[in-house]
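Novice: Just so you know, we're using full-length UniProt numbering here: the sequence shown kicks off at 1 and counts up by one.
In case anyone wonders, no lab produced these hints; they're calculated from the structure. Don't take every hint at face value.
For each label pair, taking beta carbons as the anchor points, the in silico distance ranges come out as [as the list claims (entries may be wrong)]:
1. Val-235 - His-175: 11 to 21 Å
2. Glu-158 - Val-235: 50 to 60 Å
3. Glu-140 - Lys-112: 38 to 48 Å
4. Glu-158 - Glu-182: 51 to 61 Å
A virtual CB, placed ideally from N, CA and C, is assigned to each residue, including glycine.
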Amino acid sequence: MYARGAAMGSGARLVPARDPGAPGPRGSQSRGLEAAGPGAPARASLGPSDPRSTRAYTLIAPNETRRHQIQRIAEQELASLEKWKEQNRAKSVYLLPRQLGGSQSESEVRQKQQLQLMQSKYQQKLKREECIRIKKEAEEAELQKMKAIQREKSNKLEEKKRLQEELRRETFREHHQYKTAEFLSRMDRALPHRSACQLTPRDPQPSIWDKLPEPAQQLHKGENAKTQQTEHKRVNNAFLDRLQGRSQPGGPEQSGGHRNMNSRNGWGK
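With the hints as extra help, turn the sequences into a complete structure.
Specialist: Now the structure itself:
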């Protein structure tokens with residue numbers, strides 16, 4: 001083993017290692033430095049005849065005790081490794097000899113393999129069909145669920161519309177009754193002799209319609225109700241026209257309004 005020594009001075013060279021007990025130029029150099037005093041420069045004692053500047057390495061003798069110890073430890077570890085390999089070596093497997101292939105012949109085995117292959121293909125086909133069926137059932141269930149939700153929404157909307165229509169009809173009926181009562185009260189105030197113009201109701205006499213069957217009677221009653229409704233609407237429109245003409249200044253109903261209404265009203269007819 002070698003070590004690199006330190007370079008001295010501007011011209012650094014290789015120096016060999018020396019025995020520290022042997023006299024040499026280092027001892028004379030130190031003595032020369034001591035004689036020169038502490039203030040003298042150290043480079044004055046180094047000259048071209050110095051043997052330290054002739055070498056660049058130092059030889060160090062090996063430690064035999066340490067070397068033998070390392071070798072002994074390595075040998076012990078190798079011996080331990082070999083012993084562990086010997087202990088953990090795979091053991092041989094021993095099987096009883098037997099006839100391979102079983103008790104069946106080759107043709108039977110091949111026939112069985114062919115049957116298994118055909119069955120496996122059929123089973124795969126059945127499995128695919130089952131997967132498709134399950135997927136379709138899931139899609140159909142989802143579709144039915146969505147339809148049920150939409151049907152419920154539609155039913156709620158229809159119920160809401162029906163309630164709104166009933167409320168509208170009830171409001172219209174009440175408003176119609178109120179307007180009819182108001183109209184009749186105005187007519188009573190505008191026509192003081194209305195009661196004298198009314199005819200005495202006649203006694204009901206059986207007609208040929210009473211002898212008809214029930215469906216025909218209902219049809220006749222419906223036609224009568226429709227006719228009465230049309231007549232009432234016509235009378236109301238005529239009365240509203242007369243009121244509008246009377247409310248305008250200089251209208252045809254401005255003078256003699258009561259006389260004209262008494263002569264042309266439809267209540268006495």
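Novice: Does each hint hold? Answer for all of them.
Specialist: Hint by hint, here is what the structure shows:
At roughly 19 Å, the beta-carbon separation of Val-235 and His-175 lies within the given 11 to 21 Å, and the hint holds. Restraint check, Glu-158 to Val-235: a C-beta distance of roughly 38 Å breaks the suggested window 50 to 60 Å. Look at Glu-140 against Lys-112: about 41 Å separates their beta carbons, and that is inside 38 to 48 Å. A hinted range of 51 to 61 Å for the beta carbons of Glu-158 and Glu-182 is inconsistent with their spacing of about 36 Å.
Checked against the numbered hints given earlier, this structure breaks hints 2, 4; the rest are met.
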